[in-house]
Each structure stands twice: as structure tokens, then as C-alpha cells.
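Visitor: Residue numbers (full-length UniProt numbering), protein chains in the order written: chain B, 1 to 110; chain L, 1 to 537.
There could be a bad hint or two in this list.
[Said to hold, decoys possible] So the derived list for chain B, only partly shown, Cβ under 7 Å to chain L, looks like this:
| hint | residue |
| --- | --- |
| 1 | ALA25 |
| 2 | TYR29 |
| 3 | THR33 |
| 4 | ALA35 |
| 5 | TYR40 |
| 6 | ILE106 |
[To be verified] Only some residues are given here: those of chain L computed to face chain B with a beta carbon under 7 Å:
| hint | residue |
| --- | --- |
| 7 | PHE437 |
| 8 | LEU455 |
| 9 | MET497 |
[Claimed, not checked] Computed far set for chain B versus chain L, every beta-carbon distance over 10 Å:
| hint | residue |
| --- | --- |
| 10 | ALA22 |
| 11 | PHE63 |
| 12 | LEU64 |
| 13 | SER66 |
Rather than coming from a laboratory, the hints here were simulated on the basis of the structure.
Heads up, the beta-carbon is just placed ideally off N, CA and C, and yes, glycines get one too.
Below, each chain spelled out in residue letters.
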Amino acid sequence: DEACVAVFFRRFLALQQHHLRALDAFLLYVLLTGALQFGYCLGVGRLCFPLWLPPVLTGGSLFLCSAVCLRIQINPQNKSEFQGISPERAFADFLFANTILHLVVINFVG
Amino acid sequence: MQVLSGCEVTISNETRELLLAAISEDSSVTQIFHAVGALSGFGLPLASQEALSALTARLSKEESVLATIQTLETASYLSQQADLSSIVEEIEDLVARLDDLGGVYLQFEEGIETTALFVAAAYKLSDHVGTEPAIKEDQVIQLMNAIFSKKNFETLSEAFSVARAAGSLSQNRFHLPIIVVPDGPAAVSHHQPVLRLQVTNVMSQILTQVSVKLDQAKSVSSKATVLQQLPFTLSGDFFELNFMNVKPASGYYDFSISVDGDKRFIANKVELKVKVSTEVGITNVDLSTVDKDQSIAPKTTRVAYPAKAKGSFTADSHQNFALSFQLIDVNSGAELTPHQTFVRLHNQKTGQEVVFVAEPDSKNVYKFELDTSERKTEFDSASGTYTLYLIIGDATLENPILWNVADVVITFPEEDAPSTVQSKNLFVPKPEIQHLFREPEKRPPTVVSNTFTALVLSPLLLLLVLWIKIGANISNFSFAPSTIVFHMGHAAMLGLMYVYWTQLNMFQTLKYLAILGGITFLAGNRMLAQKAVKRTH
Chain B
1 DEACVAVFFR
11 RFLALQQHHL
21 RALDAFLLYV
31 LLTGALQFGY
41 CLGVGRLCFP
51 LWLPPVLTGG
61 SLFLCSAVCL
71 RIQINPQNKS
81 EFQGISPERA
91 FADFLFANTI
101 LHLVVINFVG
Chain L
1 MQVLSGCEVT
11 ISNETRELLL
21 AAISEDSSVT
31 QIFHAVGALS
41 GFGLPLASQE
51 ALSALTARLS
61 KEESVLATIQ
71 TLETASYLSQ
81 QADLSSIVEE
91 IEDLVARLDD
101 LGGVYLQFEE
111 GIETTALFVA
121 AAYKLSDHVG
131 TEPAIKEDQV
141 IQLMNAIFSK
151 KNFETLSEAF
161 SVARAAGSLS
171 QNRFHLPIIV
181 VPDGPAAVSH
191 HQPVLRLQVT
201 NVMSQILTQV
211 SVKLDQAKSV
221 SSKATVLQQL
231 PFTLSGDFFE
241 LNFMNVKPAS
251 GYYDFSISVD
261 GDKRFIANKV
271 ELKVKVSTEV
281 GITNVDLSTV
291 DKDQSIAPKT
301 TRVAYPAKAK
311 GSFTADSHQN
321 FALSFQLIDV
331 NSGAELTPHQ
341 TFVRLHNQKT
351 GQEVVFVAEP
361 DSKNVYKFEL
371 DTSERKTEFD
381 SASGTYTLYL
391 IIGDATLENP
401 ILWNVADVVI
411 TFPEEDAPST
421 VQSKNLFVPK
431 PEIQHLFREP
441 EKRPPTVVSN
451 TFTALVLSPL
461 LLLLVLWIKI
471 GANISNFSFA
481 PSTIVFHMGH
491 AAMLGLMYVY
501 WTQLNMFQTL
511 KYLAILGGIT
521 FLAGNRMLAQ
531 KAVKRTH
């Protein structure tokens, strides 16, 4: 396990591209915010559950969209797997998914 | 004029021409009706055939109920030589348009006034033409139920129409509904053995030239026929029958009565519920104390109504108190089972009272037993001297009974005696209930939530710091139109999300989103394409 984690970190720090790093920073932000809200809800009690749901959903989905989809598709090292999709197209998909996500969340929040 | 014979009213030629001119296809039915009525009232000649054809033509154009009713009235002014059969057929059509309400009422949806006007007009025309109106007997009864259902009227015209209907139903050539009214309540007893009935028409005019007959009288409880085919005798304005001659048992009887004398009579078979009352007597009243262990023989005292038993009886943990009695019909000697047979125990000191029901056994002997251990909850375990009353009552009894039979000393086991006994007064104001409004949900103190809000926003700061450190910048920002449009469109979409949250609903949002999204997409496409081109170069 230790070796695995070490390899992961080394690879991560070797990243030079600004785009990816900025994206990673964003991912970190989303993660932190979600975790904090989760902790708050646990601390205060069950009554904030309906209020807690939108943040969790948003956080989780944003994370998914950005990390998994956009990041993978933008990373040039993965270009071989995503032949037909240019980074621009990935970005457009990201925006579209984001729009739908926000629509759903706002609808839920009411 | 016909009604005011002493009053001369002169009609000028112009008025007459006006009235005659009104009778044409171009006037409404109401106008024709008024014109024909006026001419007929003044005794002026009118052309019945012309009026008839004008009416028929107008009626096919005006289909309302009121117009048809007015046609019927108008036709009754026309000469009998004219062929009024087509108008007479309208009566049947109108009957078909009546609404049946629960099988009891038959009326037009326009209301009672229209229904009453219809009845008056239909009978007036039928009398004029000499044909029986196409209204069946139960329909007439239902019409009457509807028309005479109100005793207070809102408008004078409604009251007038009801009076007209009543008049036409009491005087016409075909249908005369009969009303049978009992004199006072329909009840007979030993003191009053005669059932008196009055027969009237719809205008409450008393009819005596009729024959009233009892078809049959059946007991409601036993369904046995007590009397059959007996005529009533006329005495003054009333028809009388001595029912007690057949010595009926007390209770209710269904009388089927028929009134005859004129072929025009309808609704002349009537059902009447007659009550036969009697007096009750209490016999064989035995009061006893029964030992629970059955070691001592029960002591029984017989009491006669209305005397009170001498001495008092005891009921405690060793002995039960028992009461038994029988109820008979004083006049016939038959056993009775009235509806109310209560034993009431009244605590003399505290005013408490407890009421029990005495039940008859198979031999119709009423029994009541007081066991102190079983009944202590009803008494609140309040020991003391209680006065015992016997309450007998029924709708068919003329002499309900409240009889102070005896005094009973009841002793309850000591350990359950309450410290103070309060009489259960049910009619004092109860303690006021304070309404507990739903508590708002407990929210965390403001300090905590404010702290947390700040905490949640901190990753945002972290993000900005990281971005700056990484060197993310907007140096590649080109001010091409598509870029600007794209960014504006995107910002607008985010703004739309906010507006959606505060004001819009899903449909409106989707509409705006489609527009903005389209623009943004096109602009974005251009922008990204340009970036792609720049990248590959």
C-alpha cells in the first residue's frame, strides 16, 4: 500500500501542466467544502438533512464531472483512449453536465 | 271584463290593432301570450287559427320551459274549434323534462315557481280541451311534494304561482288529490279510543261527501293484521273509527286507508302510523339481600307500588342486593317490555347518582343485582345510604313511573375509599386548554452557524490561492466576439439559475434556458473551435 501511495504522489507532483493543476485545485476545493458540510450536519443533528442534501449532491456530482470526466479527457497522457474527443469537446460536455446539475439542484432547493 | 263586472274599461281601436298585431310569428311567445290574454280578457274577438300557427311557429324557435308553459296558457284562451292537439302534446314533453329528486320531488330545474306555473297551465288547458293531462298519479304526488314544500316565499310571484297550482289541483276535471289529516296526533288509548280523521283537498277545504275505509291495520312489531275492511263513520267534519274495540296490544300500527267517492280522486290511498298507548303496572316487586357465600337464605321483602319499603337494605362485601319485578298492561294484563327500565341509586349525602338498566329474563321478569365488589368503580367507592328509584318509561306508556322503592346502605371495601368524594358535576366549565403551537425546529445558535459559514467559504480562498500559485491566469483571453458572447451567455445562465431559485418555475426556466443555452452553445462552439485551431498551430 505504501508503495502505491508513494507512486501516486510522485506522479501527481510531476504534473507540469497548468490546466490540470488548476483543475486539481478546484477538485480539492469541492472535496473540502463537501466534507465540511457533511461534518457540520453530523455535528448539529438530523434536522438539517433536507438542507444538507443539495450541497452533498452538488459537491458529489461536480466532483464526478470534473475529476472523472473532464480530467481524464483532458489529460494528454490519456489521449490514446479518447480518440474522437478533443479537450474542447470535453470542456463543452463538462459545461452541459454542469448546467443540468445546477438545474436539478435549484429545483430541489425550491 | 269578466271579473270586474261593474267596471267599464274602454279599449281604443289603436290598442286593439296593437294587440292583434302582436299575434304574429315575429313576436315572442310571452308577447303573444299577453296579447291573447288581454284580448280574451276584454272580450274582443281574435283569430284563433292565426294565433295557433303563430304560437306553433314561435315554439319551435323558443325551446325554454317557460315559453312552453306560456304556450299552454295561451292555448287555453283560444277557441275550442281550433286543433290544439299539438299544444296539448307539449304537456307530455314538459313532464319528461322534469327532474326527479330522490323519487320524492319532481320539479323543473328552473325552480318551484316554474313547476307551479306548469301545473296550473296544464290543468287549465286540459279542462279547456277536455283531455286528461298526461301526468301519472305518482307524478302528481311528486309535483305536489315539490310545489308545496316551502312555507315561506321569497317573491310574491312565487307565492302566487303556488297558490294558482293549489287552486287548479283542487278544482279541475281530471285529477283531485286527496289529503288525509288526523285530528291531533294519530294515537288512541283507553281514554281516547276513537281515531278521528279529516279529508281535505289541496286547498284544505273539508270534504264530507266521500267514503273512508280502513283497508287493513297491521301491528308494526308483530306484523299481524288486526283489522280489515272497516268503514269510518262520519261525525260532523270528521271520520271516526273506534280502534280500541278490537283491544289491540300497545304499540304502533300501520293503517292503510282509502278514500273514495269521485273518479277524479288521486293520492287517495294513505298509510298512517297509529300509536296505541296504555298504562303500565308494576307487580311482584321483591327486594332481597342475597348472601354471597350462600350460607344464609336470602331475605325477601315484597313492596307494592307506590309504597316505599320500610327499613333499609344493606349491600356490602358479604351480601348482594337484588331486585325483581314484573311489568304488565293494566288494561289487558299482558306482560310489557318498555324501552326504559332503569334503577337509579342516589347518594343522599354527596348527590351522586348511578343508573343501571334492569334486564328482563326469558319469563319477562325484570331482575337487578348489586354486587359491591363489581360495581365499585361506578360508585367511586363512596359508601353510604342510597335511595333506590325505579324509572319506567316508553313512548306508548301514558303513565311513566318514578318510584322511590327503598333505601340501600352500600358499604364498599375500605381500602379503596377516596379521601374526598366530589359529585361529578358534568356541567361546570372545564379547565382551559392552552393551545401549544408547533414549536419551530430547534436551530443551532447563530454563532455556530455563522462560524460554519465562514468555515465553508474557506476552501474557496484556498482554491484562489492555489490557482494563483499554480499560475492560472486569463492571459489567453482573446476579445473575439464569440468569446464575449460565450462568457456573457454562460454568466446569464448562472444568473438564470439564481432567478429560478427565487421566482420562476421549471417550465419558464427551461424556456429561458433553451434560448440562452442555444446562444451560449453556438458562441462556445465558435470559441472552442478557434482555440482548437490556435492549439494545433
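Visitor: Against each hint, give a clear statement of whether it holds in the structure.
Guide: Hint check results:
1. Here the hint on ALA25/B is kept, as its CB sits about 4 Å from the closest CB of chain L, short of 7 Å.
2. Hint status for TYR29/B: holds, given a least beta-carbon distance of 4 Å to chain L, under 7 Å.
3. A hinted interface residue such as THR33/B counts as satisfied when its beta carbon comes closer than 7 Å to some beta carbon of chain L; here the least separation is about 5 Å, so the hint holds.
4. Interface hint status for ALA35/B: violated, as the beta-carbon distance to the closest one in chain L is roughly 9 Å, over 7 Å.
5. This hint holds: TYR40/B has a C-beta 5 Å from the nearest C-beta of chain L, less than the 7 Å allowed.
6. Satisfaction of the interface hint for ILE106/B is found here, the shortest Cβ-Cβ separation to chain L being roughly 5 Å, below the 7 Å cut-off.
7. Annotation: interface hint on PHE437/L violated; nearest CB of chain B at approximately 18 Å, more than 7 Å.
8. Of the supplied interface hints, the one on LEU455/L holds, with its beta-carbon coming within about 6 Å of a beta-carbon of chain B, less than 7 Å.
9. Here the hint on MET497/L is kept, as its CB sits about 5 Å from the closest CB of chain B, short of 7 Å.
10. Under the 10 Å C-beta cut-off, the non-interface status given to ALA22/B relative to chain L is violated; the minimum distance is some 4 Å.
11. No Cβ of chain L comes within 10 Å of the Cβ of PHE63/B; the nearest lies about 13 Å off, and the non-interface call holds.
12. Interface exclusion of LEU64/B from chain L stands, the closest Cβ pair being 18 Å apart, more than 10 Å.
13. Every Cβ of chain L is farther than 10 Å from the Cβ of SER66/B; the closest lies at roughly 12 Å, confirming the non-interface assignment.
Of the numbered hints listed earlier, those contradicted by the structure are 4, 7, 10.
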